[in-house]
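Asks: Each protein sequence line maps, in turn, to chains L and W. Just so you know, the first sequence maps onto residues 1 to 472 in my numbering. Just so you know, the second sequence maps onto residues 1 to 484 in my numbering.
Just so you know, the hints here were simulated from the structure itself, not pulled from any lab data. Bear in mind the structure is a predicted one, so any value in this text is a computation, not a measurement. Just so it is clear, CB atoms sit at the ideal spot from N, CA and C, and this is done for glycine as well. Certain hints may be false.
[What the hints assert, rightly or not] Taking CB as the label site, the calculated pair distances span:
no., chain 1, residue 1, chain 2, residue 2, range
1, W, 306, L, 94, 21 to 29 Å
2, L, 1, W, 334, 55 to 63 Å
3, L, 94, W, 58, 52 to 60 Å
4, L, 29, W, 462, 48 to 56 Å
5, L, 281, W, 235, 16 to 24 Å
6, W, 338, L, 29, 24 to 32 Å
[Claimed, not checked] Only pairs whose alpha carbons sit at most 30 Å apart, straight line, appear in this in silico DSSO-like list of lysine-lysine:
no., chain 1, residue 1, chain 2, residue 2
7, W, 368, L, 78
8, W, 388, L, 78
9, W, 355, W, 87
10, W, 87, W, 259
11, W, 343, W, 378
12, W, 388, L, 268
13, W, 343, L, 127
[Said to hold, decoys possible] Here are a few chain W residues that sit away from chain L, every Cβ distance over 12 Å (derived from the structure):
no., residue
14, 17
15, 25
16, 65
17, 351
18, 413
19, 418
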Amino acid sequence: MYKATIGIEVHAQIKTKTKMFCGCKVEFLGKPNMNICPVCMGEPGILPRINGRAVKLAVRTALALHAKINMRSIFARKNYFYPDLPKGYQITQSIPLAEGGYVEIYTENGKKKIAITRLHIEEDAGKLFHTAEGHSFVDFNRSGVPLMEIVSEPVIENEKEAVAYLRRLRQILRYVESSDADMEKGQFRCEPNISVSKEEKRGIKTEVKNLNSLKAVERAIKYEISRQKEVIEDGGTVIQQTMLWDEKKQMAIPMREKEGVAEYRYFKEPDLIPLFLHDEDIDEQRKYIPELPNEKFDRLIVQYGIKKEEAEILVDSPDIASYFEKSVGSGCSPKYAIGWITTDILGELNKAGKKFSHIKIKPSHLADLNKLIDNKTINMNIAKKILHSIIFTGESVIDYVKVNNLAQVTDENAIENAVKEVIEENVKEVERYMNGEEKLFGFFVGQVMKKMKGKANPGVVNKMLKDILNRR
Amino acid sequence: MNNKELLLNATIEEIITALKGGEISVEEMVRFFIERIKKNNLNTFVEIYEDEAIERAREADRKLATGNVHGTLFGIPFALKDNIAVKGHKLTCASRMLLDYTATYDSTVYKRIESEGGILIGRTNMDEFAMGSSTETSFYGNTLNPWDRSRVPGGSSGGSAAAVAAREVVFALGSDTGGSIRQPAALCGVTGLKPTYGRVSRYGLVAFASSLDQIGPICRSAEDAERVFTVINGFDERDTTSKEVEKYNLTDNTTRQFKVAVSNDLNDTHLNPDIKLNLLNLLNDIKADGNIVEEIDFDFSKYSVPVYQILSCSEASSNLARYDGIRYGYRAEKYDSLFDMYKKTRGEGFGEEVKRRILFGTYILMAKNSALYASSFKVARLIRNKLKETFTKYDILITPTTFNTAFKFGEKIDDPIQMHHSDALTSVCNLSGNPGLSIPAGFSRDGLPVGLQIITKRFDEKTMFRFAKYVQTKSDWHRALPEE
Numbered sequence: 001m002y003k004a005t006i007g008i009e010v011h012a013q014i015k016t017k018t019k020m021f022c023g024c025k026v027e028f029l030g031k032p033n034m035n036i037c038p039v040c041m042g043e044p045g046i047l048p049r050i051n052g053r054a055v056k057l058a059v060r061t062a063l064a065l066h067a068k069i070n071m072r073s074i075f076a077r078k079n080y081f082y083p084d085l086p087k088g089y090q091i092t093q094s095i096p097l098a099e100g101g102y103v104e105i106y107t108e109n110g111k112k113k114i115a116i117t118r119l120h121i122e123e124d125a126g127k128l129f130h131t132a133e134g135h136s137f138v139d140f141n142r143s144g145v146p147l148m149e150i151v152s153e154p155v156i157e158n159e160k161e162a163v164a165y166l167r168r169l170r171q172i173l174r175y176v177e178s179s180d181a182d183m184e185k186g187q188f189r190c191e192p193n194i195s196v197s198k199e200e201k202r203g204i205k206t207e208v209k210n211l212n213s214l215k216a217v218e219r220a221i222k223y224e225i226s227r228q229k230e231v232i233e234d235g236g237t238v239i240q241q242t243m244l245w246d247e248k249k250q251m252a253i254p255m256r257e258k259e260g261v262a263e264y265r266y267f268k269e270p271d272l273i274p275l276f277l278h279d280e281d282i283d284e285q286r287k288y289i290p291e292l293p294n295e296k297f298d299r300l301i302v303q304y305g306i307k308k309e310e311a312e313i314l315v316d317s318p319d320i321a322s323y324f325e326k327s328v329g330s331g332c333s334p335k336y337a338i339g340w341i342t343t344d345i346l347g348e349l350n351k352a353g354k355k356f357s358h359i360k361i362k363p364s365h366l367a368d369l370n371k372l373i374d375n376k377t378i379n380m381n382i383a384k385k386i387l388h389s390i391i392f393t394g395e396s397v398i399d400y401v402k403v404n405n406l407a408q409v410t411d412e413n414a415i416e417n418a419v420k421e422v423i424e425e426n427v428k429e430v431e432r433y434m435n436g437e438e439k440l441f442g443f444f445v446g447q448v449m450k451k452m453k454g455k456a457n458p459g460v461v462n463k464m465l466k467d468i469l470n471r472r
Numbered sequence: 001m002n003n004k005e006l007l008l009n010a011t012i013e014e015i016i017t018a019l020k021g022g023e024i025s026v027e028e029m030v031r032f033f034i035e036r037i038k039k040n041n042l043n044t045f046v047e048i049y050e051d052e053a054i055e056r057a058r059e060a061d062r063k064l065a066t067g068n069v070h071g072t073l074f075g076i077p078f079a080l081k082d083n084i085a086v087k088g089h090k091l092t093c094a095s096r097m098l099l100d101y102t103a104t105y106d107s108t109v110y111k112r113i114e115s116e117g118g119i120l121i122g123r124t125n126m127d128e129f130a131m132g133s134s135t136e137t138s139f140y141g142n143t144l145n146p147w148d149r150s151r152v153p154g155g156s157s158g159g160s161a162a163a164v165a166a167r168e169v170v171f172a173l174g175s176d177t178g179g180s181i182r183q184p185a186a187l188c189g190v191t192g193l194k195p196t197y198g199r200v201s202r203y204g205l206v207a208f209a210s211s212l213d214q215i216g217p218i219c220r221s222a223e224d225a226e227r228v229f230t231v232i233n234g235f236d237e238r239d240t241t242s243k244e245v246e247k248y249n250l251t252d253n254t255t256r257q258f259k260v261a262v263s264n265d266l267n268d269t270h271l272n273p274d275i276k277l278n279l280l281n282l283l284n285d286i287k288a289d290g291n292i293v294e295e296i297d298f299d300f301s302k303y304s305v306p307v308y309q310i311l312s313c314s315e316a317s318s319n320l321a322r323y324d325g326i327r328y329g330y331r332a333e334k335y336d337s338l339f340d341m342y343k344k345t346r347g348e349g350f351g352e353e354v355k356r357r358i359l360f361g362t363y364i365l366m367a368k369n370s371a372l373y374a375s376s377f378k379v380a381r382l383i384r385n386k387l388k389e390t391f392t393k394y395d396i397l398i399t400p401t402t403f404n405t406a407f408k409f410g411e412k413i414d415d416p417i418q419m420h421h422s423d424a425l426t427s428v429c430n431l432s433g434n435p436g437l438s439i440p441a442g443f444s445r446d447g448l449p450v451g452l453q454i455i456t457k458r459f460d461e462k463t464m465f466r467f468a469k470y471v472q473t474k475s476d477w478h479r480a481l482p483e484e
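Produce the entire structure from the sequences given, and follow the hints as far as they go.
Replies: Below is the structure:
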């Protein structure tokens, strides 16, 4: 049996107004080199200054990851040459802000803790653009933007666990508001290290870059595991290298060979004194930690009896979760509420290409619909019709029912008349039904409902149809 | 004092008094010094900001006329080493790499001096990126020692020291990573201070070795050096390594008794006998005044040079990585690829000494050599502890500033080991963070200045200046002028 071992490095952009070591705005409005200064351009004689807000948000994140925070951390330089790196080195940390901790995920075999190795602060590089004519341009707007690097232990076993880990981690960053973690915007970059082995001893790992969505992460890991297996099966050895995921070709392409460990000539950053934290700094951040995704997940399931997949949707979007809880709070049954929200409202939003914040329908509307079903004023189908109609208008449910005359008909005489008419109009079908073609019963129900404009009480219709047909 | 005597010999305080008394105008003074720079032709300045300086001088004169005179350095002409940033002016570090680079911001020290009324005359010559002890590695050519034009002024702040010695400016700022203020000050017969590490903001000083670099004044006297120091010292939020210490105020001139330790470097066989003789005479005078003078074993100068080379070059290799031809500065004309561009740009843009140090530093920082780097830190800490211990018993530690007086051009430039040895007695302070002051202490038989180095505990520049001012009362060496 082959066993895959995966560790993931995540670079998350810390949500600050200004850069890590200077006062330039963190803003990407399309124009290159708008938010730059001598510091983030690496001009001669400049010195970095630490952005306190970035440190606070990193501390908050470390707390949410249950990590041990180092009261003294050290900045260091990672030296290499590249045009997007203005100083010829990146300021990172040699003693990280935090170590240890974990993210809990749900696997097919139950809960699993993915251990975190460390969380440290560093600065981002600029961006390179290449033209068809062979010119290259550098945009330094991103140069010096604060990042948290979060490194997991190599304890992830397959692509599903990897995605579950990343999804949960991203949720945590959003919950504590330390990062928007939008993968498309490059605010949450994942670099998995993957190795495959038959034995206890771990195999040689490759690193995959250029993963712009969780889907890409999933596919790339799956691809890389099977590629490495094949190499080993064919009697070859995996080469330690960095691969680039090609989304079009759906394959990972080798980028450069790593000769053992790259030589980054790390040393302590002499322009910055050590970063000292105090208990008060940490306690202050503890106040900003809300109910975390896992706690929420467990609670939603226990409190509302909803399914895991449903709870996952709510955990992923705290605003939807809050909407759900409010609608239950105003009297809607959790079962109805979760169905209407996840199937009907989200489905409609998806179709319209809109966001959850665009809806006008209120949690109390769902409770109103539930009430009308319970007192038999409307049936489920009508309820759904109303729901779909008022998502973007937020009209009152009661008014809508009145105006559109949707109240359910339970008057047995009216239903009896309709049933009789249907039987008279469908002589052939009735004959076939009598000859044992029982599935035609549904057809009669449909015809009756059509006549009643969907407003008939389905229970009464069923009963009436059965009685009359059986009497024949 | 006539005006010429005043401008050549007075202290800053005396000059400001004369300005206020209407004895001379700021414009006259500025013109006087600029004329001297041109006439002396020592290649001390790489650029003179003549129009700007005269404009500022006139502005100062208008203030004088209305009695609106403020500032510790009001109207005083000064120079900056070519590695200290002034917005809108070239900042080249005497390197081909930065010949066309114009600073886009002001250094903290410049802002502080400007707000106290100082008038910037120009930028001074230096060893390329402050790497050297003779100013011979400058892209702009040699600066001549005013005491002997066939000799070096020392370095790397050779232009600043020679300019002050030749009275082309009242004071100048230099930078000191291993002795770059004190060694040229000694070789040119002027007073040069390397403050305690962290006491003066490095913001706007082009970094050579960040953990050792300090900006400091080069002046005619201890009084002037102290005055300039009061202006430039103090915490700066732009430099996190700068320290929040008590605001430095000028000390009084009351003489007091000092406990003086003398380093046994004075008995080193490499020490020029003329330097030894001058220092021994001086020590005898001090002893005669009732001060305690004791020789102590302080033989760290043996280790300071290799340790200093390892630490400074390591940091330099990283600090100078930004000169890559991408955003500013020199870029090779022809290249085949990105990495070819890097190689050619840095190969052509940097001089030999700079490249030698970058290569050495790059080698040291490689993971396999981390032990060398780590043990150098340990030695630096030992030096620091030894000094700390010394200052539990003594107020002052005295050493010669250099083993030798100014050497001839070309004498050491092809022998880097010899040249690096020039830092032996001064780099101790950079490694430990302690302040060091070099003051004139006589002349050799061939008429070359001799320097005395005064070291005190960290952040104790007060005792240092008290002692220096006391030593100055023993002689007129700091007033001696080279022949014109």
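Asks: Give a verdict on every hint.
Replies: Hints, one by one, checked against the model:
Between residue 306(W) and residue 94(L) the CB atoms are about 25 Å apart, so this pair conforms to the stated range of 21 to 29 Å. Range check, residue 1(L) to residue 334(W): about 58 Å between beta-carbon atoms, so the 55 to 63 Å window is met. Distance hint check for residue 94(L) and residue 58(W): the Cβ-Cβ separation is about 53 Å, which falls inside the suggested range of 52 to 60 Å. Our hint of 48 to 56 Å for residue 29(L) and residue 462(W) holds, since their Cβ atoms are close to 53 Å apart.
Roughly 21 Å separates the CB atoms of residue 281(L) and residue 235(W), a value that falls within the hinted 16 to 24 Å. As the Cβ distance of residue 338(W) to residue 29(L) is approximately 28 Å, the hint placing it in 24 to 32 Å holds. For a cut-off of 30 Å, the pair hint linking residue 368(W) to residue 78(L) stands: about 16 Å separates their Cα positions. The straight-line distance between the Cα atoms of residue 388(W) and residue 78(L) is roughly 33 Å, outside the 30 Å bound, and the hint therefore fails.
Of the supplied pair hints, the one linking residue 355(W) and residue 87(W) holds, its CA atoms being roughly 28 Å apart against a limit of 30 Å. Taking the CA atoms of residue 87(W) and residue 259(W), the gap is near 45 Å; set against the 30 Å cutoff, the hint is violated. With a C-alpha separation of about 34 Å, the suggested pairing of residue 343(W) with residue 378(W) is violated against the 30 Å cut-off. Distance check on the hinted pair: residue 388(W) and residue 268(L) sit about 24 Å apart at the alpha-carbon level, within 30 Å; holds.
For the proposed pair residue 343(W) and residue 127(L), the alpha carbon gap of about 22 Å is at most 30 Å, so the pair holds. With a cut of 12 Å on Cβ distances, residue 17(W) stays outside the contact zone with chain L, its closest approach being about 35 Å. For residue 25(W), the requirement that its beta carbon stay farther than 12 Å from each beta carbon of chain L is met, with the minimum near 34 Å. A cut-off of 12 Å between C-beta atoms confirms that residue 65(W) is not in contact with chain L; the least separation is 37 Å.
For residue 351(W), the non-interface assignment is confirmed: its Cβ lies about 16 Å from the closest Cβ of chain L, beyond the 12 Å cut-off. With a least CB separation of 25 Å from chain L, residue 413(W) remains clear of the 12 Å interface cut-off, as annotated. Every CB of chain L lies more than 12 Å from the CB of residue 418(W), the least distance being 28 Å, so the non-interface label holds.
In this structure, the earlier hints numbered 8, 10, 11 are contradicted, and the remaining ones agree with it.
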